[in-house]
Amino acid sequence: GDSVTQMEGPVTLSEEAFLTINCTYTATGYPSLFWYVQYPGEGLQLLLKATKADDKGSNKGFEATYRKETTSFHLEKGSVQVSDSAVYFCALSGSGGSYIPTFGRGTSLIVHP
Amino acid sequence: ETGVTQSPTHLIKTRGQQVTLRCSSQSGHNTVSWYQQALGQGPQFIFQYYREEENGRGNFPPRFSGLQFPNYSSELNVNALELDDSALYLCASSLGLGTGGTEAFFGQGTRLTVV
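Residue numbers (our numbering), protein chains in the order written: chain A, 1 to 113; chain B, 1 to 115.
Just so you know, the hints here were simulated from the structure itself, not pulled from any lab data. There's no promise every hint is true.
[What the hints assert, rightly or not] Here are the simulated SDA-like cross-link-like pairs (lysine to any residue), alpha carbons at most 25 Å apart as the crow flies:
| no. | chain 1 | residue 1 | chain 2 | residue 2 |
| --- | --- | --- | --- | --- |
| 1 | A | K52 | B | Q108 |
| 2 | A | K77 | B | E103 |
| 3 | A | K52 | B | Q44 |
| 4 | A | K56 | B | E103 |
| 5 | A | K56 | B | F105 |
| 6 | B | K13 | A | E42 |
| 7 | A | K52 | B | G56 |
| 8 | A | K52 | B | G3 |
| 9 | A | K77 | B | Q41 |
| 10 | A | K60 | B | K13 |
| 11 | A | K60 | B | V114 |
| 12 | A | K52 | B | G40 |
| 13 | A | K77 | B | G40 |
| 14 | A | K77 | B | K13 |
| 15 | A | K60 | B | N79 |
| 16 | A | K52 | B | G96 |
| 17 | A | K68 | A | F18 |
| 18 | B | K13 | A | G41 |
| 19 | A | K60 | B | G56 |
| 20 | B | K13 | A | P40 |
| 21 | A | K60 | B | E103 |
| 22 | A | K52 | B | E103 |
[What the hints assert, rightly or not] Covered by chain B, per the in silico footprint, the following chain A stretches (three or more residues, Cβ under 8 Å):
| no. | region |
| --- | --- |
| 23 | 16-24 |
| 24 | 100-112 |
[Said to hold, decoys possible] Interface residues of chain B toward chain A, partial, derived using beta-carbon atoms under 8 Å:
| no. | residue |
| --- | --- |
| 25 | V19 |
| 26 | Q41 |
| 27 | G42 |
| 28 | P43 |
| 29 | F45 |
| 30 | G56 |
| 31 | G58 |
| 32 | F60 |
| 33 | S86 |
| 34 | A87 |
| 35 | E103 |
| 36 | G107 |
Quick reminder that beta carbons are idealized off the backbone N, C-alpha and C, glycines included.
Please put together the full structure from these sequences, using the hints given.
Next up, the structure:
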């Protein structure tokens, strides 16, 4: 079945550091890929998405590129802020004609001033 | 434009009891999905409703059931509660079934504790 693997957290960075959170997936066909963010005590918010190979999703300084050859969708940001502290989830859907989404376990990001 | 709202926000139940969680979808959205998020885990898909019909189900037993109303709000019912049902239950709404790339908008969740 489909699966999403994210790097273990927590990821701890100083403000203005470069961020990478790795995400790889296993799926049938060509799924759409997503990054969601969950702030403490809140539900998930869509951060960015990509629907086909080589697409780059971007939002709020975050970027991720759909790499079919390496089945990856790594999240990056050039300069993190304390307000970026949250849990980040990589997800896929639309694999093999199914719209049932599959989420990774989440990666906690902690940014210190 | 109202967002997705869930009620209650917190709930404590005893093992063996039944619980009903409620979700009001975002205005104009006709698809509602429910997820279970255990502590430290990603959301697990329970089921989805599209125009009042179940449209997909994850790996959850039949004691997890749902309903979608004509106004597209939804309920999640769990019978015979078990300790392992303790989790954050998330509702997400979207417009149509899309192509898999449709954005879903999540509520803040209901924190269920089974004792």
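To see whether the hints hold, each was checked on the structure:
1. A/K52 to B/Q108: Violated, at roughly 29 Å.
2. A/K77 to B/E103: With Cα atoms ~22 Å apart, A/K77 and B/E103 stay inside 25 Å; holds.
3. A/K52 to B/Q44: 24 Å, holds
4. A/K56 to B/E103: Holds - the C-alpha atoms of B/E103 and A/K56 are around 16 Å apart, at most 25 Å.
5. A/K56 to B/F105: 21 Å, holds
6. B/K13 to A/E42: 22 Å, holds
7. A/K52 to B/G56: 23 Å, holds
8. A/K52 to B/G3: 28 Å, violated
9. A/K77 to B/Q41: 23 Å, holds
10. A/K60 to B/K13: 40 Å, violated
11. A/K60 to B/V114: Cα-Cα ~38 Å, so violated.
12. A/K52 to B/G40: Not satisfied, since the Cα-Cα distance of roughly 29 Å exceeds 25 Å.
13. A/K77 to B/G40: 23 Å, holds
14. A/K77 to B/K13: Violated, at about 42 Å.
15. A/K60 to B/N79: 42 Å, violated
16. A/K52 to B/G96: 20 Å, holds
17. A/K68 to A/F18: Holds. A/K68 to A/F18 sits at ~24 Å (cutoff 25 Å).
18. B/K13 to A/G41: 20 Å, holds
19. A/K60 to B/G56: The given pair, whose Cα atoms are some 33 Å apart, is violated under the 25 Å limit.
20. B/K13 to A/P40: Within the cut-off at roughly 23 Å; holds.
21. A/K60 to B/E103: 17 Å, holds
22. A/K52 to B/E103: OK: A/K52 and B/E103 at ~15 Å, within 25 Å.
23. 16-24: violated (count 0)
24. 100-112: Since 7 is at least three, the answer is holds.
25. V19: Since chain A brings no Cβ nearer than about 19 Å to B/V19, farther than 8 Å, the hint is violated.
26. Q41: 6 Å, holds
27. G42: Nearest chain A Cβ about 4 Å off; hint holds.
28. P43: 5 Å, holds
29. F45: Status holds, d = 5 Å.
30. G56: 5 Å, holds
31. G58: 6 Å, holds
32. F60: Since chain A brings no Cβ nearer than about 12 Å to B/F60, farther than 8 Å, the hint is violated.
33. S86: 17 Å, violated
34. A87: Constraint on B/A87 not satisfied, violated at 13 Å.
35. E103: 5 Å, holds
36. G107: With a closest approach of 5 Å, the B/G107 hint holds.
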